[in-house]
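Position chain B against the provided structure of chain A, taking the given hints into account.
Protein chains: 2
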Amino acid sequence: MPKIFFIPQNKEIEVDKGTGILTAADQAGLYIEGDCAGRGTCGKCRVKLTEGEKAAPTSAEKKHLSATDLEKGWVLACQRTIENDMTIEVPVQKDAHLRKTSLAGGVEKLECDPIIKKSELKLERPAVKDQTADLERLLGKLGQTGLDISLRELANLPKLLRGNGYKVTAAISGDRIISVEPGNTGDQVYGVAFDIGTTTIMGSLIDLTDASIIAVSAATNPQNAYGADVISRITHASESAENLKQLQDKVIEAVNKIIKELMKETRVARDRIYELVAVGNTTMSHLFMGIDPTYLAPAPFIPAYSRALEVEACELGIKINPGGRVTFLPNIAGYVGSDTVGVILATDMDQRSDNCAAIDIGTNGELVLKANGRLMACSTAAGPAFEGAQIKHGMRAASGAVESVDYLDGNIVVKTIDDAPACGICGSGLIDGAAALLDAGLVEPSGRFVNPEEQPEKVAEHFKKRLRKGKGGYEYVLVTAEESESGEDIVLTQGDLRELQLAKGAIYAGLMILLKEAGIREEDLDKVLLAGAFGNYVRKESALKIGLLPQLPPDKIIAVGNAAGDGSRMALASKTIRERAVELPAKVEHLELSTRPDFQDIFVEAMAFQ
Amino acid sequence: MPKIFFIPQNKEIEVDKGTGILTAADQAGLYIEGDCAGRGTCGKCRVKLTEGEKAAPTSAEKKHLSATDLEKGWVLACQRTIENDMTIEVPVQKDAHLRKTSLAGGVEKLECDPIIKKSELKLERPAVKDQTADLERLLGKLGQTGLDISLRELANLPKLLRGNGYKVTAAISGDRIISVEPGNTGDQVYGVAFDIGTTTIMGSLIDLTDASIIAVSAATNPQNAYGADVISRITHASESAENLKQLQDKVIEAVNKIIKELMKETRVARDRIYELVAVGNTTMSHLFMGIDPTYLAPAPFIPAYSRALEVEACELGIKINPGGRVTFLPNIAGYVGSDTVGVILATDMDQRSDNCAAIDIGTNGELVLKANGRLMACSTAAGPAFEGAQIKHGMRAASGAVESVDYLDGNIVVKTIDDAPACGICGSGLIDGAAALLDAGLVEPSGRFVNPEEQPEKVAEHFKKRLRKGKGGYEYVLVTAEESESGEDIVLTQGDLRELQLAKGAIYAGLMILLKEAGIREEDLDKVLLAGAFGNYVRKESALKIGLLPQLPPDKIIAVGNAAGDGSRMALASKTIRERAVELPAKVEHLELSTRPDFQDIFVEAMAFQ
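Protein sequence lines, in the order shown, are assigned to chains A and B.
Take the first sequence: its letter number 285 is residue 285 in this note's numbering, and every next letter is one higher.
Take the second sequence: its letter number 178 is residue 178 in this note's numbering, and every next letter is one higher.
Bound conformation, chain A alone:
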């Protein structure tokens, strides 16, 4: 079997001949970027073969890699199988989650009223005159004889009681004893809240005695190896039960890894974590629970279930207390998931009285409107453009990503995250780039680049030269090869602008339909809340400029951070909020945009910048 050595991670594995490089990397626990699930269309899974024989470039490689790159040994991982020993260099995208994890969200203080209750007990010892069984003795002391208990806890109860002088602590969730522990552990009650994103998974460890967030950690969703978007993953899962299991295993593994990190950071013991509450889009919730998502993809987009699902941690292999409760909050529709339930909880949309819209832009886009006493939601086919997918040099918000672009007195000024050498463009950079080029007059409101000879005088010559003819039409060089990390020009293409127009048009049109349905106009909105990490980093002015948001005074537009994640934390820490979450789907009117005859018109109109 050929041996593969991955650098700079220094991981060596052996694989069967003919194994794809993506599969081999997966087996080695490495993640190679990519958006097209190995179809060879995104060109992002670049790796460098530093040692080993190499076959001639494929047509996909010729399309995405320059001659110099090909010569240096760059290939697309998805195009290559392993036939001999190889050393493969995998480019590392640094700190991709820092921005997301640094966000505690907009909710600062969680309500503390957890479902898990602990009781410290001192039982009477049994005697011939009092032969009450162990379990009934425990329940009698608790004063709750109807409580349920697992065989696992019951099996050990006799030794536990006798080994600890009949002093134990019971952890109770609802009508169930989930753990019986030696001595007094009443002060150790923890839970984890998860936001299972299509791209990023984030977990928070919460001390349930005071609802304080004591650690946060995140990781890339390793299902990424099967495609950046939910449709690719649904397609993969629908092919076989094994594939579905594979996707489920990936997300559970990632969740367990995050839990391990949270534990390491805080020294909290695994058995003292009694609950996990998760939110995510409807596809993520199906895959997490191992439930067939096949019929989410084609119209009429039917989920297998909508309700909140609650299972024992050990049933899913979630590594908290084995009797711990794992709850995925309910989804509203096929493309409006429990992450939107989380947004509604965190923004109080269901309880507020003003006219308010919330826009959650992640890998998908979901919209919620509260107006005239109605609560409505819809999803838009925004696509993952704001996370860098489908964009030529798109990337997630990580070190080196172009994050802002300004037009200032004839100059076009670019800034990257950490001021690191540029290696791509993230979502806020994309919007900023379009806005700046509009400002400069290099892009028309229709979204077309002007002809190079028609550039306005105000733009400095130096920058004018950067508008050039590329393979698929005009493109603008945001960062030159000399200044970039990769040694090639970082460009914004005509195609990129079209992707942006499609995405922002879909979101704007969705919002217009919601307003129309509610019978109010843009200007009747008291607030527009931007949820998601993206909302924190996008510049309102740029978003307004390109017409992503309704034309309102900027102070009515408020970034609320990772509201979906906030919602999961709130539902973990409070029984009342959990109950509110469970009942929410019945209170939300879901609008299916594809059934609206007026949608296409509004959408086409909304695609123009402004």
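Do not take every clue at face value.
For each label pair, taking beta carbons as the anchor points, the in silico distance ranges come out as [said to hold, decoys possible]:
id	chain 1	residue 1	chain 2	residue 2	range
1	A	R176	B	Q600	43 to 49 Å
2	B	T595	A	K122	24 to 30 Å
3	A	D354	B	K122	43 to 49 Å
4	B	N243	A	E242	48 to 54 Å
5	A	A420	B	K245	55 to 61 Å
6	A	R176	B	E120	31 to 37 Å
None of these hints come from the bench; they were simulated from the model.
Where a beta carbon is used, it is the ideal one built from N, C-alpha and C, also for glycine.
Showing chain B alone in chain A's frame:
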């Protein structure tokens, strides 16, 4: 590794050198009789080495086997390890369960009101105008939106609905959908009822659409390999978690084997069996559920739990519908188990108004008394003498067992089951034997054999000669070597009579304590019910003669068959009866005989015959 060939079963296995013959037989799936868990004290695990080298006899073998037997190759399996290739003949006890399984018990017609309900459904197909999720669509049609469902059933729901034109049948147990099936299966609803005895496990397959018993099957409890009595098994289980698991696996395997036989006989499909209801003594219920029984053995005899336990079939590895419910009825005390709950249900003890006692004699003895509006129960250390343990030539009620003995005009007449050549004495033969020898004047009321020279004249010379001096005192030859299967005399020894006296004394004394506690006398009893297979075969006259039962007219003594098993069937077939079972332990006063200062006196007095 030495090869072992077992005959007449023709099973060959390889085992490590030094493996015990009992262990090897267990690995080969064979059961060798024995009551002492390999201690070498019962002498019942006789096997014959027909090929292979053989070491000198051990002292236990010399004690239990004659010189001729030793010469022929007989050894005690528990005394031998395997060092070389061997052929081992294992004597087969034929039809040991026939008597038990042929008993449908005393309850002829079961009340039909099962917990499992089926609904045949025809759902509306989803559409863009009706995007209700699959589960909520199903629940809506059922009109029960609060029902629970397992991930297993939910995972397959989308394909199941679409693959069957949205026509499915839901099987519901309480507040839970346990199975969703293609098409109409409403006429197929089955359950199994089990009586998990220390010695014998019996299962019945019941059609829950009309509560008819459609098949019955039984097998030896393979935990037998770890001792005939519950104390040996508790001791084994308490030694390690692995041992406990081993005992649990044994009983679950046996239950699965019986289910397979029931299915084979009736062609009922596994997935159409939705429930298992079991009764058994408290130790059996702990071992079945895999719960530590350690503290049942020493005073104060505390069970881990008393309530009815209900778990999913797949959690225990019970091979019915994986979502099927497995319920072990509640136990009353450490030595009064759910088998006694079954007896109470089947005999209506909790609802009748006369003064009535029930005696269940199995491997242990339990007594129930209903008198003056009180329902009381106790257990007696009767020991398994009535199932042949501790009796020199004792055996279970199988073909060739001495089942009746009569004294008739000077002759002592012996009859075996099936009139087969005698190979031992079963419980009814033991009682009959003692009664006949009392009648003949060969045994004194104190339980002692008379001196041979003091035998009464009325006994024929021919039979007088059979009273002889044995190793442990006098013994009486019931069947001579010429007439026996084994070619050796079948005897009733002074030790056997002592065992019988201890057992019957314990039962009688227990009953006296119950009567005393209730404030009534023997003659106030309107009925005495004999439960257990034993009750059907014992002759009332003999039982009265030796003072096992209170001195009442024989028509007040009624055999009710396997009442414990009847109780499990009743609780399977009827929700109302199940609820009655669950609430029973709280209504039964348990008397712990070991705390009664008056017990020893009454016991010693009760040991005399009459």
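Falls inside 48 to 54 Å, the C-beta gap from B:N243 to A:E242? violated (37 Å)
Go ahead and decide if the range 24 to 30 Å is satisfied by the Cβ distance of B:T595 to A:K122. Holds - the Cβ-Cβ distance for B:T595 and A:K122, about 25 Å, lies within 24 to 30 Å.
Assuming the hint says 43 to 49 Å, is it satisfied by the Cβ distance from A:D354 to B:K122 or not? holds (46 Å)
So the hint says 31 to 37 Å: do the beta-carbon atoms of A:R176 and B:E120 match that? holds (33 Å)
Verify the CB-CB distance for A:A420 and B:K245 against the hinted window 55 to 61 Å. holds (57 Å)
A:R176 versus B:Q600 beta-carbon gap, inside 43 to 49 Å or not: holds (45 Å)
Of the numbered hints given earlier, the model fails hint 4 alone.
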